[in-house]
Amino acid sequence: EIVMTQSPDTLSVSPGERATLSCRASQRVNSALAWYQQKPGLAPRLLIYTASTRARGVPARFSGSGSGTEFTLTISSLQSEDFAVYYCQQLHEWPWTFGQGTKVEIK
Amino acid sequence: QLVESGGGLVQPGGSLRLSCAASGFVVGDSYMYWVRQAPGKGLECVSVLDRNDIIRYADSARDRFIISRDDSKNTVYLQMNGLRVDDTAVYFCARGAGPPPGEWGQGTPVIVSS
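Residue numbers (the working numbering), protein chains in the order written: chain A, 1 to 107; chain B, 1001 to 1114.
Careful, some of the hints might be misleading.
[Said to hold, decoys possible] Derived SDA-like pairs: lysine to any residue, alpha-carbon spacing no greater than 25 Å straight-line:
| id | chain 1 | residue 1 | chain 2 | residue 2 |
| --- | --- | --- | --- | --- |
| 1 | B | K1041 | A | S22 |
| 2 | B | K1041 | A | G41 |
| 3 | B | K1041 | A | S80 |
| 4 | A | K107 | B | K1041 |
| 5 | B | K1041 | A | P40 |
| 6 | A | K39 | B | E1103 |
| 7 | A | K103 | B | K1041 |
| 8 | A | K39 | B | D1086 |
| 9 | B | K1041 | A | H92 |
| 10 | B | K1041 | A | A84 |
| 11 | B | K1041 | A | T5 |
| 12 | A | K39 | B | S1005 |
| 13 | A | K39 | B | G1098 |
| 14 | A | K39 | B | Q1001 |
| 15 | A | K39 | B | E1044 |
| 16 | B | K1041 | A | V85 |
| 17 | A | K39 | B | G1008 |
| 18 | A | K103 | B | G1040 |
| 19 | B | K1041 | A | V13 |
| 20 | A | K39 | B | S1019 |
| 21 | A | K103 | B | E1044 |
| 22 | B | K1041 | A | P8 |
| 23 | A | K39 | B | G1042 |
| 24 | A | K39 | B | G1096 |
| 25 | A | K103 | A | S52 |
| 26 | B | K1041 | A | R45 |
| 27 | A | K39 | B | G1040 |
| 28 | B | K1041 | A | E105 |
| 29 | B | K1041 | A | T10 |
| 30 | A | K103 | B | A1038 |
[What the hints assert, rightly or not] Okay, the calculated bits of chain A under chain B, using three or more residues with CB under 8 Å as the criterion:
| id | stretch |
| --- | --- |
| 31 | 44-52 |
| 32 | 88-97 |
None of these hints come from the bench; they were simulated from the model.
All C-beta atoms in this analysis are idealised placements derived from N, C-alpha and C, irrespective of residue type, glycine included.
Starting from the given sequences, assemble the full structure and let the hints guide the process.
Here is the structure:
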């Protein structure tokens, strides 16, 4: 199975700052990559699909990039509601595996 | 909207059937997912039933879990047999027009313990 590795495990950021999260696939997944946000006690929320397309209702401060094996989620200016855990998921080959998550915390 | 039910406490080796009642869309026209999250851990896609009736299972679920759909009730099920301690998790139902899932339920907890 394709292994997804996210970095860093924890990212400490001040409100208003930019956050850059990385996701690496153990083999090429083309652009079949999604990003989710999860807050404690809640279900994940889809943010990005096909590596760079924002899901409906997702603010423009969230952007995704990359293809092949290297992907990035950027939050241009962190808002208080953005502090959460973020997961990437490849949808190129079953099983559609997730990364271990990056926790974005308040600095 | 997706509403899961059926979770609970079960002994190792036991069975549970999770239900996911859908409203506002037709489950038969969607990809329907079961995704689980063990306590304090990440996400695992357990099973998918797509609109062409193609079914996929994670290796951890194959031969023990069965995903199905009742179009008359607009509901998806996950029958879980031979439950193990490491099946303990919150189980989320989710759906999408394809992959990935864009709408999720609130989750139902499954605890496997003696």
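Task: Hint check against the structure, violated hint numbers in rising order - done: Violated: none.
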